[in-house]
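Q: Chain residues, written in single-letter form:
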Amino acid sequence: MTLQPQGQKDDAHRVRVLQPSEELERSTTQTLVGTLESAAVLFQAIVLGLSAVIDPYIPLGRVLMASLAIIHLGAAYVISRTAGPFARGGYWVAVWVALAFLVPALSASMIERGFYAINVGGAQGVVYANGPVLIAAFYPWISGSRPIIRWSVEALLLLGLAVEPFILVSIFNGDPQQVNYISAASSVVWLLIAYILGKAVGRMCRVAAQRQIEIQQQSYDEFFNFLHSHVKAGVAAVRAEWGNDAAMREKLSELEQAVSDRRIDLLLARQHVPLAALVSERIRAFTGGLKITDSPRVGAVTVSRPVGILVSRALGDLLTNAARYGGDSVAIQLSVDTSRLVLVVADTGRGIDPSVLHDESTSLYRLRHDAEQLGGSLDVICEPVGARLRLFVPMKSTSSRKIQHAHIAR
Amino acid sequence: MRILLVEDHSQLAGPISRELVGEYGHEVDWVRDPLEARHQLQNKRYEVAVVDLLYEHLTQQFDARRLSRRVSLTGSQMLITGLSAVQAFREHVTTGGVVLWTSGEANRRLHLLFAYEDLGIRAYCSKSAGTGKADVLNDTMVAAANRQSHVDPVLNAYLPATGHRSIGDTLLREESKRAIWRALSLGAHTRAEISAVTGYSERTIGNLVPRMLDDLVEFDPGFRPGRSPLGEVASYASRNWEFFLDDAVRAIYP
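Listed in order, the protein sequences are those of chains C and V.
All letters in the first sequence, in the order written, are residues 36 to 445 by my numbering.
All letters in the second sequence, in the order written, are residues -18 to 235 by my numbering.
One should not assume that every hint holds.
[As the list claims (entries may be wrong)] List of simulated lysine-lysine pairs, DSS-like, C-alpha gap at most 27 Å:
| no. | chain 1 | residue 1 | chain 2 | residue 2 |
| --- | --- | --- | --- | --- |
| 1 | C | Lys286 | C | Lys326 |
| 2 | C | Lys326 | V | Lys114 |
| 3 | V | Lys114 | C | Lys286 |
It should be emphasised that the hints constitute simulated quantities derived from the structure, not laboratory data.
Since we're looking at a predicted model, the values are computed, not measured.
Chain V with its partners taken away, still in its complex shape:
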């Protein structure tokens, strides 16, 4: 199989690539991030993409822009994550499969849900799966290429339970609320600051924030909100800013 491996840790990508080539006979191209993946996909067709979720150098660059308030909701490019690589792959390859290859982290859990619910990805492999060799990854790639589901038990917990309200039906349902989530993720924590970022009036924001907290409780039944709706949603947004400011999420939910 022709494999595109999108992974920023060279010390991990190197040996895994060699093993996939040497022991399983695949043809593997390794790129450091989704930006390089986009370029690579224009030149070559692949059957499977193995994609990491977050890329340290891209996250750090974007975070520096975010903290210095140089990010706007509509203009500049948002955070590039593995979800962008998935979208690029889907644009160029209609029959191939995608494997999300991640350790699974608290700050990646919304990405994993989104990948399952909105991008339809059904192949997930943990970086430390099984013996740590490429055998489990290879099995997952084969499943993805055949459009079959293959989920590592370590990552299964991140996927939605039956009957779960999807992220698109709750947190991302309305454009106005999405704008506020993103403004909060950019560090706007008062109504005036959110208003300046989103363009909505402070009164509108005051009306929407309690409903956003309701959405959050609907999305996460275990969530126990405190006294201040704005404080709660701001805290949630700042904890999950990598998701709310994800460029691929914005592409689907502008």
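Same shape as in the complex, but just chain C:
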């Protein structure tokens, strides 16, 4: 068995794939509710403006609140034209969240003594925080792969904002009355309503993102079926009718291979790749040139897309090399269970030096590298005759994103 030189055609994907990733969720969220951030800042401007007019501020406080309202109005306009703090990410999020704490505190400090939190509907300025809370509840601003961190940060944020009005009441009202505590509690209720609304929006965005994937997958399936029903059946028919001519057979094989390549691309566009269809397509491409003495049975087993890509490449590379340089027959074994996938390809060729797995110019090196990215391995098993390669992949991979990115980048 010899190796494909570097630069030789790899089965790079020509099918653009939507994955249910954080990136898709983020882009869907931005598309669907991108304007919500500017609306949230506009809401804050209105809260500050109304507060400046209605609430019993000291003169400096009234001017300050009115100024903040105008600044927020301008910020809302800028955000509507560009991007909001969460869309920008990084420090912008921290600044907005910090303001959610600071502005209500500033507001409370500017209220005339004894008049803070006297309205049972809520304390002055506290609903200012509802804007960022609503956005924070649905925006994928912390990686979805770290749900515990996200829930912890959200819980801390909510807890901090819920406790704040009670602290402000005790600081700025001197001798708090029951009405002050009811006012502070009402503020917490508004906070929770904003959070729940945000979660509902988040769910809507996730459903929309999932729907995009389903629609794309349906479209692929329809094309896949078209390739089957018309193109492939047509090729088989032409082969049956006029396949005696050698030139015609060669052209038909090329066309069949092109169709097969595209079908593999479409198979690998799925989240759950049907292993049987993948193996079948790969074996089909070599049935004329290789004697397949042993082929695996995998039934209805599916694998994740990264594992499917790896198995497809492994079969493609190993069978191509066996056909070019190996013996006349190949045995393929594949076993899958809940914990691992093991693929063994053995040919009767002139054997292989295990050192090629460490030669960066070979396809086997890249294959081994990608297998290791998934936590697996590629080994050469020494045989008296021919070569035997064993690909091992754990089924519960933690670094599947790496191989997707590595493969797409190639």
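Guided by the hints, dock chain V onto chain C, whose structure is given.
A: Frame of chain C, contents of chain V only:
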């Protein structure tokens, strides 16, 4: 041998029939689909049936009914596939053999498993087997007529591995779950919609769906479920609706 060829692509069935007659001396009757096959089987005895799995015109007709919600779980006829032709053949012919003749596709993989596990078919030939001529098909037909196993390596991957839990023991094991699989395949994706189709309460459906996901993982050890059991089983059902709504499958697993 007397051969019944059930294939909807005339451009493929024509030359293959001629080759089987001209080069191998068989007597071949070609019909377009399992409905015609049923009629043909009432009039004539065959030694071998060569059967394709899905039929484009029947699938399109049924899909139009499915999408317009004009299919019920118990009343109307479900999707007619090659499995119906196999059942009809078995009803009329006790000694003959059946060859499944298919390209093998992702949306046919459950049919192929079912054919192996529940219908006992042991002869499988790919439409693009070997040189593309009828030689491999002829070998497979002879094997089927002699009740011998003959599986094209291209299709072997679709058959169950040793120790595999069968589809009848997992996905199709319980009537209530089968009803939900079919309801999902008809496009019902919420508990209320499934309840309206199946007659089971939303609470029952809520209890059964996570167990259906467990069945699915048991059936397909490579399957990695996401967060929503209902979303996962709905997605699986919609991807394999041709199987779950197969009339022949319903005949065995009502």
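Q: It remains to establish, for every hint, whether it holds in the given structure.
A: These are the hints, each one checked on the structure:
1. C/Lys286 with C/Lys326: Holds, because 22 Å separates the two Cα atoms, which is no more than 27 Å.
2. C/Lys326 with V/Lys114: Holds, because 18 Å separates the two Cα atoms, which is no more than 27 Å.
3. V/Lys114 with C/Lys286: Judged against 27 Å, a Cα distance of about 16 Å means the pair holds.
The earlier numbered hints are all upheld by this structure, with none contradicted.
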